Structures are given as C-alpha cells and as structure tokens.
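Asker: Work the whole structure out from these sequences, hints included.
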Amino acid sequence: MSEIRSDLHYTEEHEYLQGTDDESVYVIGITDYAQGELGDVVFVELPDTGVILQKMEVFGTIEAVKAVSDLYCPVEGEVIDINTDLDDDPSLVNSDPYGAGWMIRLRVSDPTEVDELLTPDGYAEHIG
Amino acid sequence: MVAPEISWRLIHDVPRSGPRNMALDHALAVCLPRNEGVLRLYSWKRPTVSFGRNEPAVGRYSEQVVCSTNFEYVRRPTGGRAVLHDKELTYSIVIPLRETVRPREIYEEINRTLAKALISLNAPVTLSKDRQCQPLSSGPCFQSPAAGEVTANGRKLVGSAQARIGGRLLQHGSILLDGDQSQLDGLFGDTSSRATSVTLRELVGATSPDFVARAVAVNLKGHLGGKWASVGYTHEEIETAGRLENERYNKTSWTWRK
Numbered sequence: 001m002s003e004i005r006s007d008l009h010y011t012e013e014h015e016y017l018q019g020t021d022d023e024s025v026y027v028i029g030i031t032d033y034a035q036g037e038l039g040d041v042v043f044v045e046l047p048d049t050g051v052i053l054q055k056m057e058v059f060g061t062i063e064a065v066k067a068v069s070d071l072y073c074p075v076e077g078e079v080i081d082i083n084t085d086l087d088d089d090p091s092l093v094n095s096d097p098y099g100a101g102w103m104i105r106l107r108v109s110d111p112t113e114v115d116e117l118l119t120p121d122g123y124a125e126h127i128g
Numbered sequence: 001m002v003a004p005e006i007s008w009r010l011i012h013d014v015p016r017s018g019p020r021n022m023a024l025d026h027a028l029a030v031c032l033p034r035n036e037g038v039l040r041l042y043s044w045k046r047p048t049v050s051f052g053r054n055e056p057a058v059g060r061y062s063e064q065v066v067c068s069t070n071f072e073y074v075r076r077p078t079g080g081r082a083v084l085h086d087k088e089l090t091y092s093i094v095i096p097l098r099e100t101v102r103p104r105e106i107y108e109e110i111n112r113t114l115a116k117a118l119i120s121l122n123a124p125v126t127l128s129k130d131r132q133c134q135p136l137s138s139g140p141c142f143q144s145p146a147a148g149e150v151t152a153n154g155r156k157l158v159g160s161a162q163a164r165i166g167g168r169l170l171q172h173g174s175i176l177l178d179g180d181q182s183q184l185d186g187l188f189g190d191t192s193s194r195a196t197s198v199t200l201r202e203l204v205g206a207t208s209p210d211f212v213a214r215a216v217a218v219n220l221k222g223h224l225g226g227k228w229a230s231v232g233y234t235h236e237e238i239e240t241a242g243r244l245e246n247e248r249y250n251k252t253s254w255t256w257r258k
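Protein chains in written order, with our numbering: chain A, 1 to 128; chain B, 1 to 258.
Note that these hints are calculated values from the structure, not bench results. Accuracy of the hints is not assured; some may be wrong.
Under the rule of at most 20 Å between Cα atoms (straight-line distance), these lysine to any residue pairs were calculated in the SDA-like manner [to be verified]:
hint	chain 1	residue 1	chain 2	residue 2
1	B	45	B	180
2	B	258	A	60
3	B	258	A	46
Treat the numbers as computed from the prediction; the structure is a model and nothing was measured.
Answerer: Following this line, the structure appears as structure tokens:
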C-alpha cells in the first residue's frame with residue numbers, strides 16, 4: 001500500500017509539493033506510489049539552480065531499470081536548490097521519497113496555483 | 001493487455017542510420033494519437049553503437065578505440081546501457097499511456113510475446129529471473145540480463161529499454177540474429193572472454209531479418225489484439241523526426257553529452 005501524506009499537494013503525474021516555512025517555497029519530489037511503479041531508480045537528472053520553469057515544463061528525467069521518464073514541474077517558479085545527494089545515491093527516491101529523496105526546491109511564482117493541485121484524497125482516487 | 005479499442009500500425013522499415021532510427025522512434029511517441037499504437041520493425045544501415053539516455057559514456061568508452069572503429073554512435077531516448085546494433089532485428093512499440101497501463105507489466109508482456117515468437121523459430125529461450133539492479137556505469141547492455149529479458153542458457157538474446165514521452169510509452173529492443181557483442185566489451189575496456197550474449201544463429205542457424213520479423217509481427221499482433229494496418233509514417237511524424245534528428249540525434253553534443 002502506497003503512502004499518501006495528508007500534508008502534501010499532488011499532481012496527476014505523481015509528483016508532490018511540500019510546503020516550507022517560506023510560503024512561496026515548495027519541495028518537489030515523486031510520490032511513494034510513483035517510486036514503487038518505477039522500481040529501482042538508477043539515475044536522476046535535475047536542472048541547475050536559478051532556472052525558471054514554466055507550468056508543466058520538463059525539469060529533469062528519472063531512470064529506473066531500463067526505463068526513462070520525464071519529470072514535470074506542476075507550477076511556474078524558480079529552482080532555488082536541488083538535491084545533489086541523488087547524484088551519488090539515486091535509490092533515496094525509493095527508500096525515502098518524501099524525505100531524503102526530494103528533488104528540487106521551487107520558489108513558486110503564484111502560490112495560488114498550488115491550491116489547484118490534487119488533494120491527498122484526490123490523489124488517492126487518482127491512483128485507485 | 002493494452003486496450004482492445006486501439007488501432008495498430010505495422011511499419012516494416014528499411015535500414016536507416018542511427019540518428020534517423022532514434023529520431024523516428026522518438027517522433028512516433030511524440031505524434032501518436034491517443035487511440036493508436038505502432039509496431040515498427042527495422043535494422044541499421046551500418047554498425048552503430050547506441051548509448052542509453054543517461055548512460056555515462058565519456059571516459060568510459062576509450063576515445064582512441066572509438067575513433068579507430070567504423071561504427072556510428074548515437075544516444076537513445078530510452079534508458080539502459082550501450083548496444084552494438086549490427087546483425088539484428090530491432091523492434092519498437094509505441095502505445096498511449098493510460099492509468100490501466102503499467103510500463104513494467106508491458107515490458108514483461110512484450111518480452112513474453114517475443115519469447116513465444118522466438119520459440120516458434122525453435123530457439124530454446126526463457127525469461128531471465130535475475131532481479132539484480134545494475135548501475136548505468138556497469139558496461140554494455142548485453143553483458144547482463146535484467147529481470148524478464150529473453151535469454152538462452154543465461155545468455156541474453158534480446159535487450160530492450162523504455163521511455164515515457166509525454167503520454168506515450170516507447171519500448172524498443174534488439175533481437176540478435178548474428179554478430180559479436182563482445183566487440184563492444186572491448187571498446188568498454190573489458191577484455192575478458194565471457195560469453196554473455198547469444199545470437200539466433202548460434203541457437204537455430206542463419207535466419208533472415210524478414211523471417212524473424214514475420215514471426216515477431218504475427219505473435220505481437222495476436223497478443224496485442226485490435227485492428228492492424230500496414231501503413232507508413234504520417235507527414236507530421238516525418239517532419240518531427242527530421243527536427244529531432246537535426247536538433248538532437250545527429251549532434252555529437254547529444255551523443256557524448258556525458
């Protein structure tokens with residue numbers, strides 16, 4: 001059974017957004033369900049900090065055994081930090097998707113866009 | 001497995017260059033309508049080494065040796081590790097992704113169907129049960145089978161990889177008819193003489209690509225179901241492939257990006 005945390009926002013593409021102390025900054029990663037579907041993650045490619053991402057722009061790729069998938073930015077914003085630990089240990093995405101397996105920190109251009117994302121219940125329904 | 005309402009297109013293509021082959025596979029995934037699937041069967045104009053989308057190649061494949069070979073080099077849109085495409089039949093399947101379609105299940109089902117096709121040619125193949133996860137830096141694709149891949153006596157006969165591009169899944173792979181993947185091991189600096197791959201020639205004798213293509217097409221059509229037609233590329237697919245070839249697959253900066 002995949003873990004769906006009640007304090008996160010979700011997307012249909014299986015990313016999550018986690019709020020921080022700064023109300024315009026969110027941590028983005030992929031959900032527990034997504035990592036389970038992908039299997040063993042062997043590589044994560046992330047953008048440079050300072051990059052401005054448009055809504056639904058590809059911000060990186062993730063590779064599990066044999067399979068590459070694009071990562072989509074669910075809201076517009078600026079990348080202010082990336083998780084460089086994933087260079088050395090991409091399996092953190094599998095072992096701790098909501099913690100050490102986070103991917104980017106995004107300063108969101110319009111925080112009201114976050115409210116348009118899926119709620120935990122909505123995401124639970126989405127993945128059935 | 002996929003969806004019975006899908007209309008399928010079979011494209012039995014002519015041999016093309018590495019960049020063109022990768023651009024066409026990618027373009028099919030970009031352009032495919034939501035209710036269509038494609039099976040493309042093809043080969044390569046000249047021996048070509050393809051690297052996986054994220055595989056580290058620079059510094060791992062000896063530049064000196066690379067320059068002295070007559071191989072073409074290209075980087076795939078899909079995952080996995082390096083393959084030497086020479087005497088092989090290559091398949092690619094593009095399908096729309098839906099909530100009910102799980103890429104890992106597709107991977108296993110396609111491999112199972114390919115195994116059935118190869119068994120129909122009297123090749124004694126099975127599916128690998130090896131669950132070990134190999135890092136991207138661990139050498140060429142055919143050095144080790146992944147779980148569910150088609151093998152004979154533990155040696156790999158078919159190597160496949162996937163990419164999710166937009167709302168579509170692309171899976172393509174190499175069915176070795178003949179040739180010697182160990183040439184690639186040498187480029188990688190591995191001089192051991194381990195036999196890790198196997199060819200159809202070793203298993204059943206010489207076979208033509210067309211003969212194998214027919215068996216693969218018959219079995220995949222039977223398994224995937226739906227309506228099938230032998231139709232070529234659309235204008236949009238050709239245009240998109242041209243753009244991808246120029247902007248990505250023909251560029252040294254993409255092939256040797258890492």
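Asker: Next, verify each hint and record whether it holds.
Answerer: Going down the list of hints, with the structure as the test:
Between the alpha carbons of residue 45 of chain B and residue 180 of chain B the distance comes to roughly 17 Å, so the proposed pair stays at or under 20 Å and holds. With a C-alpha separation of about 15 Å, the suggested pair residue 258 of chain B and residue 60 of chain A falls inside the 20 Å cut-off, and the hint holds. Straight-line distance between C-alpha atoms of residue 258 of chain B and residue 46 of chain A comes to about 14 Å, which keeps the hinted pair within the 20 Å bound.
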